[in-house]
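Enquirer: Protein chains in written order, with this note's numbering: chain A, 34 to 153; chain V, 5 to 208.
Read the hints as simulated data drawn from the structure, not as lab findings.
Using N, Cα and C, we set each Cβ at its ideal position, and we do this for glycine too.
Incorrect hints may have been included.
Unchecked claim - Taking CB as the label site, the calculated pair distances span:
#1 ASP200(V) x LYS101(A): 38 to 48 Å
#2 ASP77(A) x GLY99(V): 32 to 42 Å
#3 ASN173(V) x GLU100(A): 21 to 31 Å
#4 THR35(A) x THR190(V): 31 to 41 Å
#5 GLY92(A) x ILE46(V): 49 to 59 Å
#6 GLN139(V) x ASP77(A): 44 to 54 Å
#7 ASP200(V) x GLU151(A): 47 to 57 Å
#8 GLU140(A) x GLU92(V): 13 to 23 Å
#9 ARG106(A) x THR101(V): 54 to 64 Å
Given next are the chains, with one letter for each unit.
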Amino acid sequence: MTTILIVDDSRVSRLLSRQFILALRPDWKIEEAATGEEALDKLDSIAPDLILLDVNMPGMGGMAAIEKLRAKRPAVNITLMTANVQDAIRNKAQALGVGFVEKPVTEERIQQIVTSVETA
Amino acid sequence: MFNLSELEHDALVELFNQGVGQAAAAMSQIVHEEVTMSVPAILFQTRAECAKALGNKDGRRICAITQHYEGAFNTEAILMFPEEKSLEIVRLMIGQTVSMDELSDMEQEAMSEIGNIILNSCMSTLANIAGKELQGSLPIYHVGTSDEILSHSGSQWDGLVLTLKIDFNIEKHQINGYVAFLLDLTALQDLRQYIDNYLARIGR
Chain A
34 MTTILIVDDS RVSRLLSRQF ILALRPDWKI EEAATGEEAL DKLDSIAPDL ILLDVNMPGM
94 GGMAAIEKLR AKRPAVNITL MTANVQDAIR NKAQALGVGF VEKPVTEERI QQIVTSVETA
Chain V
5 MFNLSELEHD ALVELFNQGV GQAAAAMSQI VHEEVTMSVP AILFQTRAEC AKALGNKDGR
65 RICAITQHYE GAFNTEAILM FPEEKSLEIV RLMIGQTVSM DELSDMEQEA MSEIGNIILN
125 SCMSTLANIA GKELQGSLPI YHVGTSDEIL SHSGSQWDGL VLTLKIDFNI EKHQINGYVA
185 FLLDLTALQD LRQYIDNYLA RIGR
């Protein structure tokens with residue numbers, strides 16, 4: 034079963050991402066974490082196909098979390114989903130080999146993410 | 005007193021216009037409606053005068069989301085809506101799939117996320133134009149009068165600030181609000197440098 038881990042301090046963004054993903058792929062499993070630290074703990078029990086990761090979060094931010102998440106799951110695919118659409122962040126994402134999707138969460142953007150998971 | 009030349013003033017309005025255009029697009033995606041925004045109005049005033057200009061004449065409470073940015077220049081970015089419209093905005097964002105109780109429960113978080121998206125959209129555009137990174141704080145949610153909100157967000161109540169105020173309107177739902185950027189005088193030299201770098205890059 035395809036599993037997606039949504040890491041975002043905004044409950045509303047997690048809710049919207051979950052809704053849009055399940056509308057397209059009702060059989061996918063969605064896991065949620067509100068912080069980078071919580072996401073790291075989750076990786077002890079799940080092996081997600083994709084981590085959708087916010088950038089600006091309390092505690093460990095998304096950029097700092099990437100390295101630690103990969104240390105636990107080296108092959109995991111990560112996509113940043115963020116309102117911080119600065120070129121500096123896009124360039125860092127590209128350099129780190131992670132995807133980049135702008136917020137707000139929309140059906141079209143989630144469709145793009147679903148397609149990327151299925152073609153990975 | 006900090007003075008901008010006519011060209012610098014025009015450039016500042018144009019730069020924020022580009023940022024606000026992106027913010028309008030982001031807001032439109034959130035509420036699934038057309039959003040119109042005004043040209044930025046630039047004013048030098050005290051925080052007290054600013055609060056008066058941004059507030060309602062009858063002292064109604066507003067809902068505000070603030071974020072502090074540092075980098076090419078430092079500013080407080082503020083998004084404000086009438087408090088009584090905030091649930092309606094959250095409903096437009098989330099849709100009809102959650103109950104009214106859940107919606108009320110999520111109101112504060114949802115408004116913070118809306119502020120985060122809209123303010124970041126604008127500030128990211130300004131950072132991209134400068135080719136520099138702006139570091140933003142996490143969004144802070146406030147409810148109160150404009151006096152209460154601005155006295156929380158800033159330093160000296162009587163200190164002068166440069167205010168860029170933009171009105172926005174979701175006409176179909178009769179929702180009006182403001183985006184404002186406040187810069188203390190200490191930040192203005194950095195702002196001038198930012199504008200002058202932009203003018204130099206476009207050959208003016």
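Enquirer: Each of the hints needs a verdict: does it hold here or not?
Expert: Here's how the hints hold up against the structure:
no., hint, result
1, ASP200(V) x LYS101(A): 38 to 48 Å, "holds (41 Å)"
2, ASP77(A) x GLY99(V): 32 to 42 Å, "holds (34 Å)"
3, ASN173(V) x GLU100(A): 21 to 31 Å, "violated (44 Å)"
4, THR35(A) x THR190(V): 31 to 41 Å, "violated (51 Å)"
5, GLY92(A) x ILE46(V): 49 to 59 Å, "violated (37 Å)"
6, GLN139(V) x ASP77(A): 44 to 54 Å, "violated (31 Å)"
7, ASP200(V) x GLU151(A): 47 to 57 Å, "holds (49 Å)"
8, GLU140(A) x GLU92(V): 13 to 23 Å, "holds (21 Å)"
9, ARG106(A) x THR101(V): 54 to 64 Å, "violated (31 Å)"
The structure fails hints 3, 4, 5, 6 and 9 (numbered hints given earlier, in ascending order).
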